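J.: Chain by chain, the residues run as shown.
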Amino acid sequence: MKLKNELSESFRIAFDAINANKMRSILTTLGIVIGVVTVSLMSMAIDGVSKSFVQSISVLGSDILYIEKESWMDHSDWWKRRGRRDIELSQAKELVRLAGDRYIISPYVSHQVCTVKYKEESITGVFMDGGSAAHQAVNKYTFSEGRFFDANEVDGSRPVCVLGYDAVHSLFKGDNAVGKKVKLNDITYEVIGAMEKRGTFMGFSMDNTVYIPVTRMLSDFANRPNVSILVKAPDMKNIDEMTEEIRGLMRKVRHLQPGEEDDFAINKQGSLIDTFNKVNRIISSCGLFITGLSLFVGGIGIMNIMFVSVAERTKEIGLRKALGARRRTILLQFMLEALLICLFGGVIGLLIAFAFQPIVSIYIPASISLKTVVIALLIAAATGVISGYIPARRAAEMDPVDSLRNE
Amino acid sequence: MSLPLIQIENVCKAYNMGAETVHALRGVNLEIFKGEYVAIMGPSGSGKSTLMNILGCLDTPTSGSFILNGHAVDQMDDDELADIRNREIGFVFQTFNLLPRSTSLHNVELPLIYAGVDLDERLEIARNALIQVGLKERMNHKPNELSGGQRQRVAVARALVNNPSILLADEPTGNLDTATGDEIMLLFDELYKKGNTIILVTHEEDIAQRARRIIRIRDGRIASDEPHQVS
Numbered sequence: 002m003k004l005k006n007e008l009s010e011s012f013r014i015a016f017d018a019i020n021a022n023k024m025r026s027i028l029t030t031l032g033i034v035i036g037v038v039t040v041s042l043m044s045m046a047i048d049g050v051s052k053s054f055v056q057s058i059s060v061l062g063s064d065i066l067y068i069e070k071e072s073w074m075d076h077s078d079w080w081k082r083r084g085r086r087d088i089e090l091s092q093a094k095e096l097v098r099l100a101g102d103r104y105i106i107s108p109y110v111s112h113q114v115c116t117v118k119y120k121e122e123s124i125t126g127v128f129m130d131g132g133s134a135a136h137q138a139v140n141k142y143t144f145s146e147g148r149f150f151d152a153n154e155v156d157g158s159r160p161v162c163v164l165g166y167d168a169v170h171s172l173f174k175g176d177n178a179v180g181k182k183v184k185l186n187d188i189t190y191e192v193i194g195a196m197e198k199r200g201t202f203m204g205f206s207m208d209n210t211v212y213i214p215v216t217r218m219l220s221d222f223a224n225r226p227n228v229s230i231l232v233k234a235p236d237m238k239n240i241d242e243m244t245e246e247i248r249g250l251m252r253k254v255r256h257l258q259p260g261e262e263d264d265f266a267i268n269k270q271g272s273l274i275d276t277f278n279k280v281n282r283i284i285s286s287c288g289l290f291i292t293g294l295s296l297f298v299g300g301i302g303i304m305n306i307m308f309v310s311v312a313e314r315t316k317e318i319g320l321r322k323a324l325g326a327r328r329r330t331i332l333l334q335f336m337l338e339a340l341l342i343c344l345f346g347g348v349i350g351l352l353i354a355f356a357f358q359p360i361v362s363i364y365i366p367a368s369i370s371l372k373t374v375v376i377a378l379l380i381a382a383a384t385g386v387i388s389g390y391i392p393a394r395r396a397a398e399m400d401p402v403d404s405l406r407n408e
Numbered sequence: 039m040s041l042p043l044i045q046i047e048n049v050c051k052a053y054n055m056g057a058e059t060v061h062a063l064r065g066v067n068l069e070i071f072k073g074e075y076v077a078i079m080g081p082s083g084s085g086k087s088t089l090m091n092i093l094g095c096l097d098t099p100t101s102g103s104f105i106l107n108g109h110a111v112d113q114m115d116d117d118e119l120a121d122i123r124n125r126e127i128g129f130v131f132q133t134f135n136l137l138p139r140s141t142s143l144h145n146v147e148l149p150l151i152y153a154g155v156d157l158d159e160r161l162e163i164a165r166n167a168l169i170q171v172g173l174k175e176r177m178n179h180k181p182n183e184l185s186g187g188q189r190q191r192v193a194v195a196r197a198l199v200n201n202p203s204i205l206l207a208d209e210p211t212g213n214l215d216t217a218t219g220d221e222i223m224l225l226f227d228e229l230y231k232k233g234n235t236i237i238l239v240t241h242e243e244d245i246a247q248r249a250r251r252i253i254r255i256r257d258g259r260i261a262s263d264e265p266h267q268v269s
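Going down the list, the sequences are from chains A and B. Add 1 to the 1-based position in the first sequence for this note's numbering, that's all there is to it. Add 38 to the 1-based position in the second sequence for this note's numbering, that's all there is to it.
Keep in mind that the hints were calculated from the coordinates and are not lab data. Hints should not be assumed to be uniformly reliable.
[Stated by the list, open to error] Under the rule of at most 30 angstroms between Cα atoms (straight-line distance), these lysine-lysine pairs were calculated in the DSBU-like manner: (1) A/316 - B/174; (2) B/180 - A/316; (3) A/3 - B/174; (4) B/180 - A/3.
These figures come from a predicted structure and were not determined experimentally.
Turn these sequences into a full structure, and let the hints guide you.
T.: This is the structure:
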C-alpha cells in the first residue's frame, strides 16, 4: 500500500527533523503549550465553578418558590418598588388559608446577625433565622438532640430556639444543649433542638446559625413587620403552573385590582441558575478568546518555523521529488511535521495543566476531564494542520530542477 | 530493430529570464536504444543540463515530443512525472545528494518507498543493491561516516534499486579524486556489461571516453553524435 509506506516515511522524516532541531521545536511549540494550558485550566475552572454553584444552589430546592418584596434577579426600576408594602405575617396566614393543603407554606425572616451567649461562653456573627413549623417539612433538618419548634410555639411566640451545629459545639462543647437557656442579643431563649452538620451554601456555613419562631423574630429583632414566604408543593409539580397559581393567590391576598402590577416577587432557583449561566457564558467566551489568541500566535510561530524548515530542506525536497515523491507525499511530510510539533506542545501543555491541577482544586472543586484532554489535543492538532498547510504546499509545489540546484 | 527506449523529436526548451527569453534547446532529435552507453558532452551553457533534465523527466520540453519507454513524457503533469522518474530513471548526481541523517540502507530504500514496496521486500532489495556496489559492510553507516567514493556507490545503489530503464549520471566523478573516479567508472562499465542503459552527462573528455557513443551539444543543438570504440 503506497499511502501506508508514505505515511511511515513521513513520520520518520518528521521525527528526524524535530529530533535534529530539538531546541527550535520546543521554542516553536511554546505558543501551543501556553494555549493548551489556558484551555485546560480555563475549562477546568469553568466546570468547577458551575459545579460548585449548582451544588450550592440545590439547597434552595428546584421546586421551591420564595415570595419576597424584591426580585433576586431584576434590579431595574428600583425606584418604582421602593414604596412597596411589607408582606406581613397576616398575609402569609391568609395565603395558607387560601391555598389549603396543596402547598407547604412557611413564612420566615432571615439573616440577622446576632451574638449568642451561654453562661460565660459567647459567640458572635451567628446568623439568626426566624421560621415557622413548616420549615421542618421543607428542609428536613436532622437533629443530634431535640427537635424543631412546632406550630403552637410559633403561634404563641414562645422564646425557644434551635441551634446549628457550630453554635452548639462552641457553646456547649459536647454537653447537652436542650433545655439550656441562652441569650440572643441579651434576650433569653430556651434551646429545644441541636442540629447536625449541614455544610456550606455559596461559601457561607449553614451551621453557624440559630432558628427562632418567626413571630418571636418579628417582635424581638425585626425593625419592620416584613416576612418572606417559602412555598413548596408536597409532590413535584410543574414549577411554572405553581408559580402562576401562587401569584394569583398572592394578588388576592394583597388585594390587587386587575391591571395593577404585582407588588411582590416570586423567586426561584431556576432563575438564579439562568443568570449564572449567562455570566458563565460570558466568562467562557472571554476564556475562549484568550485561548484562541494564544493558539493563533502559536500557530503563526509554527507556520514561520515550517517556512524555515522548508527553505532549509529545499535540496532534500528536490531529491525526494527526483526519486519519485509526488506532491501529496511532500505535503504530507511537512504537515505531519507541523502536526507532531503541535501535538508535542499539546502533551506538554496538558502535563503542565495536570501539574497545576492540585493547586487550582484547592479553590475550585474541579479536575481536568477526559473531554478536556481530548479537546485540547484536537485543538493542538488542528493548529498544526492549519498552520502547516501553507508551508507544506509551498514545499510540494517546488520545481525539482530548481530545488536540486539549491545549495 | 526494436523501438528506441528514448525518442526525442524536435525538442525545444525556452526559459523566460525577466524580459529576455533564453533558448536552451533549439530542436534536438535523439534516439537511444536499450543497452546503450551514451556520454552527453558540451561546455557550460550549451544546453547539456537542460537536455539532461528533460531526459530525467525533471522538466518538460516547451515544444517537441519525448517518448520514454513508450510513455509520452511531454504530456505529463507533475505527479505523473514523479511516477515515471520513480519507475524509469535512476539518478546519480555530482554531489551524491544523500540524506545526511539516514543510513546507507535507508538512502537506498527511498525510491522503493515512493514505489510503494513493503518494508521487508524493500530492505531485501536495498541490501542486495548495496552488496552489488560493494558496500556490504557499510549498510548502517551514515554519509558522513563514508568516503566520497563510498557515498557515490550508495547513490549508484539507490539509482539501481527500482530497476530503472535508464541510469542517468550527471558528472558522477566531478566531486571525486582521479583514483576514486576511476573506481566509479569501473562500476559503470560493469553495469553496462550487465545490460543497463547508461547516460553520462559530463564535460570531461576522459570520462566521456568510457562510453560507446558520444553526443556533443553546442548552442542548444546536437553538434555531433558518433559511436565510440573503447580500446
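J.: Would you mind marking each hint as holding or not holding in the structure?
T.: Do the hints match the structure? See the list:
At most 30 angstroms may separate the alpha-carbon atoms for a hinted pair to count; residue 316 of chain A and residue 174 of chain B meet this at roughly 28 angstroms. For a cut-off of 30 angstroms, the pair hint linking residue 180 of chain B to residue 316 of chain A stands: about 18 angstroms separates their Cα positions. Proposed proximity of residue 3 of chain A and residue 174 of chain B is supported: the alpha carbons are some 28 angstroms apart, at most 30 angstroms. Straight-line distance between C-alpha atoms of residue 180 of chain B and residue 3 of chain A comes to about 26 angstroms, which keeps the hinted pair within the 30 angstroms bound.
The structure fails none of the hints (numbered hints given earlier).
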